[in-house]
Every structure is written in structure tokens, then in C-alpha cells.
Amino acid sequence: MNRDISLGSIVRSEWLKFRSVRSSITGVVLTLVFTIGLAALISSVVRGHWATMGTARQLTFDPVSSSLVGVLLAQFAVGVIGALFVTSEYSSGSMRTTLTAVPKRIELTFAKLLVLLASMLVVGEVACFGSFLLGQSIYSGVVPTASLSNGATLRAVVLAGVYLTLLSALAFGLGLIMRHSAACISVFVGVLLIVPLIFAFLPQSWQNAGEKYLPSELGHAMVSPTPVANEFGPWTSLIVLAVYAVVLVTIGTTVFTRRDA
Amino acid sequence: MIKVEHLTKHYHNTIAVDDLDFEVRPGVVTGFLGPNGSGKSTTMRIILGLDHPNKGRATVKGKRYAELRDPMQEVGALLDAKAIHPGRSARNHLRALAASNRIPYSRVDEVLEFAGIASVAQKKVGSFSLGMSQRLGIAAALLGDPEVLLFDEPVNGLDPEGIRWIRDFFRTLANEGRTVFVSSHLMSEMAVTADQIIVIGRGKFITQGSIDTLTATVKGTVFVRASNHQQLLAALTAHGGVTADANDDGVTIGSLTAEQVGQIAFDAGVVIYELTPQRASLEEVFMELTSDAVEYGSSGVRHES
Chain B
0 MNRDISLGSI
10 VRSEWLKFRS
20 VRSSITGVVL
30 TLVFTIGLAA
40 LISSVVRGHW
50 ATMGTARQLT
60 FDPVSSSLVG
70 VLLAQFAVGV
80 IGALFVTSEY
90 SSGSMRTTLT
100 AVPKRIELTF
110 AKLLVLLASM
120 LVVGEVACFG
130 SFLLGQSIYS
140 GVVPTASLSN
150 GATLRAVVLA
160 GVYLTLLSAL
170 AFGLGLIMRH
180 SAACISVFVG
190 VLLIVPLIFA
200 FLPQSWQNAG
210 EKYLPSELGH
220 AMVSPTPVAN
230 EFGPWTSLIV
240 LAVYAVVLVT
250 IGTTVFTRRD
260 A
Chain F
0 MIKVEHLTKH
10 YHNTIAVDDL
20 DFEVRPGVVT
30 GFLGPNGSGK
40 STTMRIILGL
50 DHPNKGRATV
60 KGKRYAELRD
70 PMQEVGALLD
80 AKAIHPGRSA
90 RNHLRALAAS
100 NRIPYSRVDE
110 VLEFAGIASV
120 AQKKVGSFSL
130 GMSQRLGIAA
140 ALLGDPEVLL
150 FDEPVNGLDP
160 EGIRWIRDFF
170 RTLANEGRTV
180 FVSSHLMSEM
190 AVTADQIIVI
200 GRGKFITQGS
210 IDTLTATVKG
220 TVFVRASNHQ
230 QLLAALTAHG
240 GVTADANDDG
250 VTIGSLTAEQ
260 VGQIAFDAGV
270 VIYELTPQRA
280 SLEEVFMELT
290 SDAVEYGSSG
300 VRHES
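Chains B and F, in that order, give the protein sequences.
Just so we're aligned, residue 0 is where the first sequence starts under numbering that gives the first Met the number 0, counting upward by one.
Just so we're aligned, residue 0 is where the second sequence starts under numbering that gives the first Met the number 0, counting upward by one.
Everything hinted at is true.
Simulated crosslink set (SDA-like; lysine to any residue; CA at most 20 Å straight-line):
| id | chain 1 | residue 1 | chain 2 | residue 2 |
| --- | --- | --- | --- | --- |
| 1 | F | LYS123 | B | TYR89 |
| 2 | F | LYS54 | B | ASP259 |
| 3 | F | LYS123 | B | ILE24 |
If you anchor each label on the Cβ, the simulated ranges turn out as follows:
| id | chain 1 | residue 1 | chain 2 | residue 2 | range |
| --- | --- | --- | --- | --- | --- |
| 4 | B | ARG258 | F | SER280 | 42 to 48 Å |
| 5 | F | THR212 | B | ARG258 | 39 to 45 Å |
| 6 | B | LEU6 | F | ALA215 | 50 to 56 Å |
| 7 | F | TRP164 | B | LEU132 | 56 to 62 Å |
| 8 | F | ASP158 | B | THR256 | 36 to 42 Å |
| 9 | B | THR253 | F | ARG106 | 32 to 38 Å |
| 10 | B | GLU106 | F | PHE113 | 26 to 32 Å |
| 11 | F | SER280 | B | ILE24 | 52 to 58 Å |
| 12 | B | ILE238 | F | ASN53 | 40 to 46 Å |
Some chain B residues close to chain F (C-beta under 7 Å, calculated; not the full set):
| id | residue |
| --- | --- |
| 13 | SER12 |
| 14 | ARG21 |
| 15 | GLY92 |
| 16 | SER93 |
| 17 | ASP259 |
| 18 | ALA260 |
Just so you know, these hints were derived from the structure itself, not from any lab.
Remember, it's a predicted structure, so these values are computed and weren't measured experimentally.
Built from N, CA and C at the ideal position, the CB exists for glycine as well.
Could you put the whole structure together from the sequences, leaning on the hints where they help?
Set out below in C-alpha cells:
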């Protein structure tokens with residue numbers, strides 16, 4: 000019988016590990032609740048106040064972004080999922096057991112990343128399409144709605160799910176480098192929340208030139224159906240964010256293979 | 000089966016393992032004995048490819064651990080029984096390990112049954128006692144039915160019944176021709192568990208052999224009660240190179256056998272009332288072997304026997 004370790008068998012093992020702990024399940028549920036729940040809440044409020052909102056706001060209202068606003072919360076849930084997928088193995092010490100079973104560390108990280116990307120893409124797209132469709136059905140009849148038959152709308156919804164997926168990969172890479180759950184999640188939250196605040200104090204020209212590189216702004220550009228001032232286009236933003244993820248995961252894998260477990 | 004050659008490992012400024020050389024053969028239980036902090040766990044981690052040595056190498060069946068094609072079917076290991084994700088059930092923990100090495104899930108139920116934890120297989124590992132975790136760790140080590148097995152301090156946390164079970168289990172594994180390598184900091188434990196013992200201290204190789212040969216290397220003393228202690232002491236001292244202490248009860252002599260002491264007393268015309276060879280205890284042997292190499296010795300109070 001051929002029982003050699005292969006990428007397939009490691010993926011199978013990691014998939015079982017991913018879904019057999021509560022933190023992943025909780026993270027996925029939170030992602031769905033944050034996105035779809037917030038879509039329901041915001042759309043209902045907008046629908047109820049639409050008549051009194053004033054013409055100016057009515058004209059600039061974007062039914063796509065407003066239904067996807069939950070992504071702002073869900074990005075922290077997917078970050079925690081991605082980070083814990085590595086760091087919980089260090090905090091519990093199970094990394095040693097894992098590496099005794101699978102000593103090929105590059106293959107191990109690759110299998111883990113595949114499991115994370117695949118599950119987060121499914122969760123992210125379900126969350127974003129669910130939010131969008133629920134939002135539009137609540138708007139329907141009172142507030143102008145958007146349709147997925149519009150290319151820009153479809154792109155924004157799809158890329159919102161991709162944004163969440165890439166953020167989880169970013170956190171995963173940080174987890175490989177830092178190994179500690181709390182430190183890793185702090186850095187992740189700091190990059191998404193604090194760094195933009197610091198940017199606000201910089202000269203306007205610096206802001207215009209640099210802000211578009213921030214993960215949160217890349218996400219903003221990806222989720223918007225229309226171009227955003229001083230930011231990359233949605234596809235360029237996707238590529239820049241993907242490069243960040245690749246760089247972090249590559250550094251993470253390199254230190255992971257060199258360090259003692 | 001396990002070969003360690005010139006193995007050296009530093010952590011920052013401390014040397015954990017210092018030019019260690021030894022071989023562990025199949026068919027016997029080999030004990031790995033040393034005081035706490037002597038480098039046993041580090042050596043085991045290097046054998047398992049978890050830590051990278053600074054110099055030298057450790058191989059299993061001629062290969063470095065990372066080069067093994069299907070590691071769990073060649074080597075089974077239990078390092079730290081509590082190093083398991085606490086939120087996962089015992090069965091899922093074993094299934095994840097089995098899946099990575101293409102071991103069928105039916106084997107998971109077999110080893111759970113064997114280790115005596117089948118009834119708690121669905122429970123979260125975090126709720127396990129240390130003894131139950133040890134059993135789960137043993138179940139994991141056996142998953143791939145490996146030829147080489149490593150256990151780091153496996154007796155810790157086990158109740159007397161569990162200790163007996165694990166000793167018999169090591170014996171069975173060795174009788175099946177497997178290589179069994181078990182670490183401990185207790186000589187008495189090794190005496191009943193292991194056929195061969197490798198002793199290390201401060202990361203250095205000290206000695207290797209069976210319990211009997213190790214015990215023989217540390218000479219015991221001879222206690223004598225005689226008609227005239229002063230006369231006997233004088234005769235012994237005249238013999239040269241003899242250490243002897245006299246008190247009201249009798250004379251304790253090192254470095255001579257009971258036969259030699261008897262002959263000297265006879266030649267000196269001293270009547271012997273009592274002549275008792277005192278064999279060094281296992282703990283004394285261990286202390287003697289590792290006395291220069293205790294990492295965390297209690298300062299001031301030296302154990303003199």
C-alpha cells in the first residue's frame with residue numbers, strides 16, 4: 000500500500016484539524032453574522048429613513064457598499080481565524096506533534112494555506128453575496144437597488160469576499176512569523192485600524208501618495224463599485240494585497256523551516 | 000536503529016547537548032538516563048527533526064528524520080503528553096495525525112482501544128488528566144505501527160497500574176524486535192524498565208551498559224565489627240591505599256572486597272564478629288555517575304554516602 004505523505008494527505012489532515020476546533024467554527028459564524036447581520040440592520044435603517052434623507056445623500060447613495068459594510072467587522076474575524084490556525088499550534092504545543100507526523104515544513108505550510116484560502120474564500124463569498132442579496136431585497140421598492148448583472152457590482156461583491164480571504168492569509172503569515180496569538184492579532188488589528196489613524200496626521204500629499212497602499216484602503220477600493228479618489232483601481236488593489244500576503248507567507252515559511260519547533 | 004553522532008546543540012550561551020555519541024539497538028528497551036536539564040529532551044527533539052543541531056547528526060534507520068518517507072510508520076514518539084490542542088477530541092486528534100500519513104481511520108479506533116481510552120475518545124483533550132494524556136500520546140505513537148519508538152519521561156503522571164502497564168508494554172514492543180528508547184531521570188525506574196542504559200549529564204555522554212554493569216562500576220563498602228577496631232584499622236592502613244572509618248559500632252572500609260578485609264583481619268589476629276559487604280544503591284550509583292554533571296545541584300548540601 001502506498002502510504003507516503005503527499006500534499007493531498009496533509010491537506011486532508013489540516014482540513015480535519017481546521018474544522019475540529021471551536022475557534023474556527025466561531026470565527027466562521029462571526030464572519031457570517033457580522034456581514035449578513037450588519038447588511039440587514041443597515042439596509043433596514045436606510046429603508047426606513049430613505050424619504051427623509053435629503054436629495055444630496057439620496058443621489059450619492061451606493062446600495063452595493065452599504066450592503067457590504069459588515070466586511071469592516073468581518074475582516075477581524077477572518078484575521079483571527081488565519082492567525083490562530085498557526086499560533087494555536089504553538090500555544091498548545093501541538094506544533095511538535097504536527098511536525099513529528101509531517102516533518103516536511105514547506106509542504107505543511109502550503110497545505111495549511113490551501114485549507115485556509117479555500118475555506119475562507121467559500122465563507123467570504125457566501126458572506127458577501129448573502130449580504131448583498133439580503134440588502135437589495137430589503138431596499139427593493141423604496142431605495143434604488145443594484146443588480147449582479149452589472150459588471151461593476153458583481154466585481155465589488157466578488158472582490159469583497161476575496162479581500163476577506165487575502166486578509167486571513169496575511170494574518171496566517173504573521174502567525175508563522177510571530178508564533179504568539181495575542182501579539183499576532185494585535186499587529187493585525189493595528190495595521191487595519193491604527194496605521195490609517197496615524198496617516199491622517201501626515202501632510203495631505205503624503206496621504207494621497209501612501210494611503211492607497213494600506214490594506215484597509217486596498218479593501219475599500221476592492222469593495223467599491225465605482226473608482227475611489229487617490230486609490231488604486233480594484234484589480235490593482237487586489238494584486239497589491241495579494242503581494243503583501245505572498246511576502247508575509249514566504250517570510251513566515253522561511254523562518255518556520257529554519258527555527259527549532 | 001537510532002544513531003547519534005557528535006551531536007551538539009547550543010541555546011544562546013548554554014550548551015544543551017555536547018558532542019553526544021551513541022546508538023540505540025532494536026530488540027531491547029534502552030533507557031536514556033540523566034538528571035533534569037541534562038539534555039535528554041533536546042536530544043530526542045533533534046532525533047525527531049524538531050530542533051536543528053549546531054553540529055553532528057542524528058539518524059533513524061540511517062536517515063535524518065525529515066528524510067523519512069512515511070515518518071509515523073517508521074517512528075512513533077511521545078514527547079510531551081500535554082502538547083495537544085485542548086479543544087479537539089481525542090479521536091479527531093488521532094484522525095488528523097492518521098490522515099497526514101495515510102493511515103486508515105480503523106487504526107485510530109484500534110489504538111484508542113489498546114491504550115484504554117476508547118470510552119473517552121469523543122471528549123475534548125483539554126479535560127484529560129495527565130495519565131489519560133499519556134495514554135493518548137502512546138496511542139498516537141502507535142498509530143503507524145512503527146519499528147522505532149521514543150518516549151520522553153512516559154511514567155510521569157501515571158498511576159501504579161498505568162506504570163505497570165507501560166513497563167509491560169515496552170517489554171512487549173522490544174520483544175517484537177522494535178527499537179524502544181525511553182528517557183527518565185529516575186535510576187530506579189530505569190532499573191525495572193530498561194535492559195540497556197545510556198547515561199548523560201550536562202549534555203555529555205557518561206556511560207552505557209546494563210544495570211548490573213553500571214552498578215558494578217561503583218564500588219560498595221564493607222562494614223566490619225571486630226574484637227579490636229584500632230588494631231584492625233592499623234592493619235588496614237598498613238595495607239596502603241585503603242580508606243577506612245572507625246567509630247564505636249565498627250569500621251567501614253572502601254576500596255577493598257569482603258574477602259580482602261577478612262584476610263587482613265585474620266593476618267592481624269583480630270576476631271571478626273560481623274562482616275557485611277554494602278552494595279551501592281541504585282540512587283547512589285546514579286549520584287556517583289552524574290555527580291560532576293548535575294545542572295541544578297542543591298548547593299551546600301552535597302550527597303555524600
